[in-house]
Amino acid sequence: MTNPNGRFGIHGGQYIPETLMNAVIELEEAYNHYKNDPEFNAELSKLFNEYANRPSRLYFAKKMTEDLGGAKIYLKREDLNHTGAHKINNVLGQALLAKKMGKTRLIAETGAGQHGVATATAAALMGMECVVFMGEEDTKRQALNVYRMRLLGSEVIPVTSGTATLKDAVSEAMREWTNRIEDTHYCLGSVMGPHPFPTIVRDFQAVISKEIKEQITEAEGRLPDAVIACVGGGSNAIGSFYHFIEDKEVALIGCEAAGRGIDTFETAATINTGRLGIFHGMKSYFCQDEYGQIAPVYSISAGLDYPGIGPEHAYLHDIHRAEYVAVTDEEAVEAFEYLAKTEGIIPAIESAHAVAHAMKIAPKMDRDKIIVITVSGRGDKDCAAIARYRGEEIFE
Amino acid sequence: MSRISKAFENGKVFIPFITCGDPDLNTTKEAVLQMASNGADIIELGIPFSDPTAEGPVIQGANIRALAGGVTTDKVFDLVSEIRKESNVAICFMTYANVVYSYGAEKFIRKCEERGVDGLILPDLPFEEKEEFKPVCDECGIDLISFIAPTSEGRIAMIAKEATGFIYVVSSLGVTGMRSEITTDLPSIISVIRANTDTPCAIGFGISNPEQAAKMAAISDGAIIGSAIIRILEKEKQSAPKTIGAFTKEVKDAIRNV
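Taken in order, these protein sequences are the chains called P and A.
Per the working numbering, residue 795 is the first one in the first sequence, and the count goes up by one each step.
Per the working numbering, residue 745 is the first one in the second sequence, and the count goes up by one each step.
What the hints contain is simulated information worked out from the structure, not anything from laboratory work.
Even glycine gets a Cβ: it sits at the ideal position worked out from N, Cα and C.
Among the hints, a few may not be true.
[Stated by the list, open to error] Covered stretches of chain P, as calculated for chain A (at least 3 residues, CB under 8 Å): (1) 952-966; (2) 970-984; (3) 1081-1091.
[Claimed, not checked] Residues of chain A placed beyond 12 Å of chain P at every Cβ, according to the derived structure: (4) P796; (5) V815; (6) A893.
[Said to hold, decoys possible] So, partial list: chain P residues that the calculated Cβ filter (under 10 Å) puts toward chain A: (7) H827; (8) L874; (9) I1113.
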């Protein structure tokens, strides 16, 4: 799907300072070499299976299916991975690649903290130094994850610039990378940024759809009618979609964070409210004002609180291969509570956006239809924030 | 001959940078006129961007203050028209790709020509992505300034061969901001540039005083200073232009004959 110059249709590219150009070229060369290296792939598979607990389960949500009274619902349980989210897939791949490239230090941005925790974990496992940039606002929303990263031996740097959220953490990590390239790999957490990151991250996350395909074929003898995943930058979504892109009968649905609504300024729904732009190394859709100033986006979910979307999603939107819908805070919180009560599974508030959309469409679908929802992460980290949303203060 | 090429005709060049609208556009105009009359050869006018990823904390601060004050791209174009009534100094815009792209690259670049802007500096537009902007720039006689960094190595010749106006040589790794010491082997970078082009080169990033500027100008064609000027604005606000003028004179005197 990637053009040789790192484009997805018109999207993607390498809009970065000259200082970083040789670093991304070196990364691309290394990746192109190792992606076809049997030894590298064997090592990565071993890490996936023995360390990260792959393959993750595809679970038939019987009670939810019966309750909604429509399509059969399966949950792809990325929340059961080591560290509690899909982020570990990409991080193990990139850390292994960085190690092969002779890098000794990983830097990363993080929103909810899941990617930061995954990077800190991989760094601990592989004996690498690790520094994570996290918006100061998010360090407060996700204090537990900050503690986890420090416990794992990483340094966490609160970012105070701009809106002090995910986009500022990305900017700060990019600045740090221009400052120290020789020994440092920037372990980008989503399918965004300059080429080759959107391709590398997608390839490492594509294990999700590869497994879904095998598991659903085993369980149902056919492909699903829809695959639903939440989208911030879009890594769990592209991972869930990738091996179905050529199967036109499978609807691919990305759920963006509408925050308080796409008709308000307090939203992070990029496809629904943004327009074409160039930012963080890529051409894609961004929430921005008429002069191209990047908008201070909002979502209850720190992981979806990003003003852009990965270039491959922008392309899938352009060619109408995937549909991107907006889900509000309120809908996501309701889905968070619903899945907990109905199936005994507490999803990440990010993943709850995907659950919310499935709750809307499943009842309208026939009982012989099949929906797969990717539960990208577990929701323990969100409990305090959701309690607060419901007017309850809890103290750990 | 363009204003930029002319600026390099009489010895070493001083290129000060200022973020438009910090603390307000009138102060920017006064500061630009002060710099121009005190020996600045090319003025780098920063159009503020919400997320300036190539900037250190000082210039980030200026961007945030300017945007909070309501500066827009159109207001900056009007500022250029105001400056052009009183000065013929060479002017380059320094901003981020999205500011140009979002305005409409062609519309933006044609407006640069119409208002009297001579060059465009986009730190997040490397050689590989320039085709989107370069043809219109060429058509309008606007120099799209090329960057060469300490990490450019094998890329230097390729970039230098297509460079117009001047080459912005990045002194050090990292973002803009003041540094006590610059350790990059700049003379070897510059000798590769010289072997591939006649386009002059100026060094920027990390230069904050006349002594450093003189050192950098001695090995190249000029020096670029940004954060040190923003610091003066930060401190003196509306009364900064006079101090900035005096600082410009000091730097220009220091580099003139190195």
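Hints, verified against the model:
Coverage of a stretch by a chain is defined here by at least three residues with a beta carbon nearer than 8 Å to that chain's beta carbons; for the region 952-966 of chain P and chain A the count is 5, and the condition holds. With a threshold of 8 Å between beta carbons, the proposed coverage of the region 970-984 of chain P by chain A holds, since 4 of its residues qualify and at least three are required. Figure legend: the region 1081-1091 of chain P, annotated as covered by chain A; annotation consistent (6 residues with Cβ-Cβ distances under 8 Å, at least 3 required). With a least CB separation of 8 Å from chain P, A:P796 falls inside the 12 Å interface cut-off, contrary to its annotation.
Separation of A:V815 from chain P is inadequate, the least Cβ-Cβ distance of about 9 Å not exceeding the 12 Å criterion. A:A893, annotated as away from the interface, has a beta carbon of chain P within 12 Å; the closest lies near 4 Å. The closest approach between the C-beta of P:H827 and any C-beta of chain A is roughly 18 Å, which is over the 10 Å cut-off, so the hint fails. With its C-beta approaching chain A no nearer than about 36 Å, P:L874 sits outside the 10 Å limit, and its interface hint is violated.
Because the smallest distance between the Cβ of P:I1113 and any Cβ of chain A comes to about 21 Å, over 10 Å, the interface hint for this residue is violated.
Checked against the numbered hints above, the structure breaks hints 4, 5, 6, 7, 8 and 9 and satisfies the rest.
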